[in-house]
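**Q** First residue of the sequence shown? That's 1 in the UniProt record's numbering, and the numbers climb one at a time after it.
No false leads were slipped in.
Calculated pairs, DSSO-like style, for lysine-lysine (alpha carbon to alpha carbon, straight line, at most 30 Å):
| hint | residue 1 | residue 2 |
| --- | --- | --- |
| 1 | 14 | 24 |
| 2 | 14 | 46 |
| 3 | 14 | 53 |
| 4 | 53 | 24 |
| 5 | 46 | 24 |
What follows is a set of in silico ranges between Cβ atoms, one per label pair, in the way DEER data are often shown:
| hint | residue 1 | residue 2 | range |
| --- | --- | --- | --- |
| 6 | 53 | 33 | 27 to 35 Å |
| 7 | 33 | 54 | 26 to 34 Å |
| 8 | 54 | 34 | 32 to 40 Å |
| 9 | 41 | 62 | 13 to 21 Å |
| 10 | 65 | 40 | 18 to 26 Å |
| 11 | 11 | 52 | 30 to 38 Å |
| 12 | 64 | 33 | 16 to 24 Å |
| 13 | 26 | 64 | 18 to 26 Å |
Simulated from the structure, these hints should not be mistaken for lab results.
A virtual CB, placed ideally from N, CA and C, is assigned to each residue, including glycine.
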Amino acid sequence: MAKQMGGEESILNKDTGEAIGDNKGSTLEVDADEDELAIGLLLRVKVLLDVPKPLLRGVTVDVNEEGEKI
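Build out the structure end to end from the sequences listed, making use of the hints.
**A** What follows is the structure, given as structure tokens:
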């Protein structure tokens, strides 16, 4: 799950979800509405992970207004 911290305008969209997922592994699915925006305050991202690798908690991914990874 991804949650936007601070700011009023939502940048939680499909592109942001894919950037977050690709940072951790391979993005399988981003749960967004028909406008490719988050449904509510959270964005569900399904990711294929390499299980033997440690999973970090609370990772920050910087993205621009279009949701592209910076």
